[in-house]
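Asker: In order, the protein sequence lines correspond to chains H and V.
The first sequence begins at 1 in UniProt numbering and counts up by one.
The second sequence begins at 1 in UniProt numbering and counts up by one.
Everything labelled a hint here was simulated from the structure, so no lab data went into it.
Note that the structure is a prediction, hence the values are computed from the model and not measured.
In this text, a Cβ means the ideal position worked out from N, Cα and C, and glycines have one as well.
Check before you lean on any hint, since a few could be wrong.
Computed Cβ-Cβ distance ranges for the label pairs, DEER-style [unchecked claim]:
1. V/Glu570 x H/Glu54: 53 to 61 Å
2. H/Ala127 x V/Ala531: 50 to 58 Å
3. H/Asp15 x V/Arg131: 29 to 37 Å
4. H/Gly126 x V/Gly719: 49 to 57 Å
5. V/Asp58 x H/Asp53: 40 to 48 Å
The primary structure of each chain is shown beneath.
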Amino acid sequence: MRVTMTVNGHRMDADDVWEGESLLYVLRERLGLAGSKNACEQGECGSCTVFLDEVTVCACLVAAGQAHGRSVRTVEGLAEAGADGAPGLSDVQEAFVAAGAVQCGFCTPGLLVQTEDLLRRTVAAGAGAPSDAEIREALAGNLCRCTGYEAVIEAVRLAAEWTERGRPAGGPARGEAR
Amino acid sequence: MTSTAAASVVGQPVSRVDGPLKVAGGATYAAEFDPGPGLCHGAIVTSTVASGRIASIDTAAAEAAPGVVAVLTHRNAPVLPYHEHKGLTDPPEGERIHLLQDDRVRHQGQPVALAVAETLEEAVYAASLVRVSYRPESAVTAFSDAVAHAVPPGPRYRDRGLEGDGGRGDADAALGAAPVRIEAEYVMPRLNHNPIEPHGTVARWSEGELTLWDKTQWVDNVRAEMAAVFGLPPDRVRVVSPFVGGAFGSGLRPWANVTLAAMASRHVDRPVKVVLTRRQMFGITGYRPRSTHRVALGADRDGQLLAIRHEGVSETSTYETYAEEQLGSSEYLYACRDVATRYRVAPRNVQTPNDMRGPGKVTGVHALECAMDELAAALDMDPVELRLRNDTIVDQSTGVPFSSRSLRECYQAAGERFGWSRRNPRPGAMRDERGRLVGYGCASATWPAMRQAAEARARLLPDGSAVVSSSSSDMGPGTYTSMTQVAAETLGLPLERVRFELGDTRMPTAPVHGGSWTMASLGSAVQAACAEARRRALAEIGRADADLAAVLRQIGEPVEATVRTEPGDELRRYSAHSFGAVFAEVAVDPDLCTVRVPRLVGAYGVGRVVNPKTARSQITGGMVMGMGMALTERTEVDPRDARPVNSSLADYLVPVNADVGELDAVFVDEEDPHVNPLGVKGLGEIGTVGVAAAICNAVYHATGRRVRELPVTVERVLGAAVR
Ligand code: FES
Ligand code: FES
Numbered sequence: 001m002r003v004t005m006t007v008n009g010h011r012m013d014a015d016d017v018w019e020g021e022s023l024l025y026v027l028r029e030r031l032g033l034a035g036s037k038n039a040c041e042q043g044e045c046g047s048c049t050v051f052l053d054e055v056t057v058c059a060c061l062v063a064a065g066q067a068h069g070r071s072v073r074t075v076e077g078l079a080e081a082g083a084d085g086a087p088g089l090s091d092v093q094e095a096f097v098a099a100g101a102v103q104c105g106f107c108t109p110g111l112l113v114q115t116e117d118l119l120r121r122t123v124a125a126g127a128g129a130p131s132d133a134e135i136r137e138a139l140a141g142n143l144c145r146c147t148g149y150e151a152v153i154e155a156v157r158l159a160a161e162w163t164e165r166g167r168p169a170g171g172p173a174r175g176e177a178r
Numbered sequence: 001m002t003s004t005a006a007a008s009v010v011g012q013p014v015s016r017v018d019g020p021l022k023v024a025g026g027a028t029y030a031a032e033f034d035p036g037p038g039l040c041h042g043a044i045v046t047s048t049v050a051s052g053r054i055a056s057i058d059t060a061a062a063e064a065a066p067g068v069v070a071v072l073t074h075r076n077a078p079v080l081p082y083h084e085h086k087g088l089t090d091p092p093e094g095e096r097i098h099l100l101q102d103d104r105v106r107h108q109g110q111p112v113a114l115a116v117a118e119t120l121e122e123a124v125y126a127a128s129l130v131r132v133s134y135r136p137e138s139a140v141t142a143f144s145d146a147v148a149h150a151v152p153p154g155p156r157y158r159d160r161g162l163e164g165d166g167g168r169g170d171a172d173a174a175l176g177a178a179p180v181r182i183e184a185e186y187v188m189p190r191l192n193h194n195p196i197e198p199h200g201t202v203a204r205w206s207e208g209e210l211t212l213w214d215k216t217q218w219v220d221n222v223r224a225e226m227a228a229v230f231g232l233p234p235d236r237v238r239v240v241s242p243f244v245g246g247a248f249g250s251g252l253r254p255w256a257n258v259t260l261a262a263m264a265s266r267h268v269d270r271p272v273k274v275v276l277t278r279r280q281m282f283g284i285t286g287y288r289p290r291s292t293h294r295v296a297l298g299a300d301r302d303g304q305l306l307a308i309r310h311e312g313v314s315e316t317s318t319y320e321t322y323a324e325e326q327l328g329s330s331e332y333l334y335a336c337r338d339v340a341t342r343y344r345v346a347p348r349n350v351q352t353p354n355d356m357r358g359p360g361k362v363t364g365v366h367a368l369e370c371a372m373d374e375l376a377a378a379l380d381m382d383p384v385e386l387r388l389r390n391d392t393i394v395d396q397s398t399g400v401p402f403s404s405r406s407l408r409e410c411y412q413a414a415g416e417r418f419g420w421s422r423r424n425p426r427p428g429a430m431r432d433e434r435g436r437l438v439g440y441g442c443a444s445a446t447w448p449a450m451r452q453a454a455e456a457r458a459r460l461l462p463d464g465s466a467v468v469s470s471s472s473s474d475m476g477p478g479t480y481t482s483m484t485q486v487a488a489e490t491l492g493l494p495l496e497r498v499r500f501e502l503g504d505t506r507m508p509t510a511p512v513h514g515g516s517w518t519m520a521s522l523g524s525a526v527q528a529a530c531a532e533a534r535r536r537a538l539a540e541i542g543r544a545d546a547d548l549a550a551v552l553r554q555i556g557e558p559v560e561a562t563v564r565t566e567p568g569d570e571l572r573r574y575s576a577h578s579f580g581a582v583f584a585e586v587a588v589d590p591d592l593c594t595v596r597v598p599r600l601v602g603a604y605g606v607g608r609v610v611n612p613k614t615a616r617s618q619i620t621g622g623m624v625m626g627m628g629m630a631l632t633e634r635t636e637v638d639p640r641d642a643r644p645v646n647s648s649l650a651d652y653l654v655p656v657n658a659d660v661g662e663l664d665a666v667f668v669d670e671e672d673p674h675v676n677p678l679g680v681k682g683l684g685e686i687g688t689v690g691v692a693a694a695i696c697n698a699v700y701h702a703t704g705r706r707v708r709e710l711p712v713t714v715e716r717v718l719g720a721a722v723r
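Whenever a hint applies, use it, and build me the whole structure from the sequences.
Answerer: Right, dumping it as structure tokens:
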């Protein structure tokens with residue numbers, strides 16, 4: 001079957017898709033978008049988290065056919081076009097780098113998408129920055145074996161602060177102490 | 001981004017240089033490489049008996065399935081030379097399984113066939129159609145049966161310095177005479193590394209040359225092993241691995257995915273990708289072995305240790321002997337005249353274990369540090385005080401001084417941050433605002449500071465930038481970043497003008513990325529190569545003090561230096577180890593006995609810290625792995641057939657964000673002038689060491705119950721006797 005989706009704002013077709021294929025498989029193997037990771041294929045790790053019509057899902061648990069005609073946003077679509085038109089990193093992406101929340105990076109794409117979602121539902125919706133407990137709960141489905149989550153929490157706090165008050169001009173100094 | 005002052009770059013909390021690429025989803029991991037046209041996918045069929053022969057294997061249905069290119073079994077797979085190869089990360093005793101070379105099955109989960117198809121889904125479906133029947137043979141499946149036939153590690157381990165029996169003096173006599181004694185047995189289950197990225201390989205042959213994109217901590221060893229397996233000169237094999245999605249030891253040996261991808265690719269004359277499923281990882285990529293330890297401690301009434309007797313046994317396979325240094329720390333961590341250690345391995349029909357973060361130490365220190373807490377209770381002494389009373393500046397196992405040792409400073413720093421002085425020494429005496437029992441516990445941590453030979457190349461370019469390279473790996477700690485810092489500082493160039501490259505056998509040879517020795521080994525080589533390249537550039541214009549970037553522009557062509565460095569005899573003159581102290585707070589529901597860990601605080605003396613930001617993240621990650629070991633992680637092995645039962649992330653419980661409380665890791669100031677030119681002692685492993693003991697000791701303090709088998713589950717807390 002043919003599956004047509006809007007992926008990161010672009011219309012994309014995948015042909016000869018077998019009914020059993022997951023959305024994750026189509027993204028990674030057919031559309032060349034390897035940012036979303038495959039680490040368990042059973043909805044346990046969150047590495048494959050993407051937006052499907054702006055709701056976060058584990059792409060490994062969504063049949064590709066279910067995404068037909070819908071819109072998908074992956075880690076590759078998180079970057080925002082800057083003033084000069086060149087893609088820049090989003091607040092969440094920058095905050096993960098600045099807080100040292102990335103180690104091996106394999107859990108990172110899913111975590112970023114889930115964090116983006118959390119901040120949209122909270123601070124960006126005027127509901128204030130999420131508490132640590134809310135952050136931990138919201139991200140409990142995203143396994144990270146490297147960081148111990150401490151720096152992840154800091155990254156989310158930082159991203160929430162930037163969402164609320166704006167990112168410091170000139171971007172965060174990457175060499176800066178936390 | 002402002003340019004960072006080059007001279008002060010080492011020691012700064014620089015953000016990881018590969019961070020922007022990773023958060024953009026642009027880092028390419030092994031299984032994501034595009035080897036060019038014709039890629040097909042392999043799916044592995046694994047054995048379902050612990051020992052036996054393949055009686056029949058029917059591939060007809062699989063071969064007829066859509067998209068199938070080939071189905072490989074021992075009946076049609078190419079006969080491979082499998083020349084002798086023993087890398088540093090291979091067990092010295094025994095021989096690896098020769099994949100698809102005969103009908104013998106040695107463990108559950110051993111690959112017995114590979115289905116190769118146009119798409120992964122077709123390969124997986126075809127693999128499901130392969131019918132295998134076995135003639136089972138008698139097998140040692142239960143750990144308890146294996147222990148009954150445990151043996152010393154063997155002569156080749158002795159050559160590597162790992163003896164079955166060790167110690168000094170007469171521990172039995174000293175124990176007999178000691179006024180205060182404790183003795184207890186501790187059980188630690190099998191643990192799986194469970195990096196988030198599954199192991200996977202893309203293989204491509206072209207004109208007799210093999211290229212492998214693989215997930216590994218050591219590209220050079222993958223090349224050496226594949227050269228041996230396929231009977232090729234090593235220079236006909238290239239291994240590429242720029243990004244590794246976590247490994248913690250699982251990337252130390254090449255697994256079946258590598259050999260099978262290469263074998264299949266040659267067989268079908270197309271590039272082949274083989275990625276393990278999460279379930280297969282539990283049977284193919286090694287694990288920390290199950291072990292049982294017995295510790296007896298004797299002391300005088302002031303808490304001076306008079307005797308340590310520590311015995312341990314851990315599982316291994318029947319075809320290789322995996323042994324690790326589990327008991328060494330009991331010989332050097334504290335001052336004690338009479339010490340006896342006895343280590344045995346128990347062969348069982350399972351896959352061979354493998355180093356997992358803090359191998360040996362995580363296990364042995366857990367037992368020793370739980371026992372120390374039991375001794376403190378028997379002495380009615382503060383557990384921190386007991387450790388400090390037995391502190392030593394000399395390694396009594398060898399008689400040489402420690403190159404540096406800040407155990408006391410670590411206890412002081414972490415204890416203060418933790419608020420240890422608020423601890424009511426009586427078990428069960430503290431409660432939190434929700435009525436939960438609160439316990440405070442502590443433990444020591446230690447990991448040897450080691451160093452290997454390493455080689456690096458620095459290439460200085462006319463535009464004033466530099467590319468520095470070595471075949472190392474970055475499984476997450478930040479090799480890219482820390483090496484860039486060392487290079488920038490040595491060259492005197494801004495950080496953003498230096499690029500560090502790794503993970504390719506075409507680069508100068510790095511040692512295996514493990515053992516917490518990458519900074520010490522490769523960092524020294526990077527420093528030396530950069531110093532030499534800088535010297536050459538400045539010599540060309542005959543000035544020693546000029547601005548390097550200006551000099552390079554003036555020279556107008558690249559200047560290069562490749563330097564190999566190796567350790568001297570410093571590690572014979574000094575005993576070099578990182579030390580740490582970790583404190584845990586637990587909250588235990590008095591009725592349900594559920595255990596939470598609101599706080600973990602650790603302080604570490606690791607020599608110089610090159611990058612506090614990446615270092616801290618390393619340590620906190622290690623701490624949470626230790627917390628997983630304490631509370632949730634175990635690989636259940638069915639005693640009847642040796643099958644790992646809970647081989648998924650749904651059933652093997654890696655800690656999730658909501659399980660974790662406050663984490664605090666600090667480094668005490670420590671200068672180690674002896675250990676290596678950079679003065680670094682390594683910090684990849686030590687974060688995991690001692691954490692489970694601190695948590696168990698805190699559970700005792702909260703409840704008065706000693707849980708001596710990990711993980712500390714509700715039923716074990718409920719079942720433990722109140723003492
Ligand atoms: S790969 Fe989808 S949740 Fe793990
Ligand atoms: S950074 Fe490696 S799994 Fe999270």
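Asker: Give me the numbers of the hints this structure contradicts, sorted from smallest to largest.
Answerer: Going through the list in order, the structure violates no hint and respects every one.
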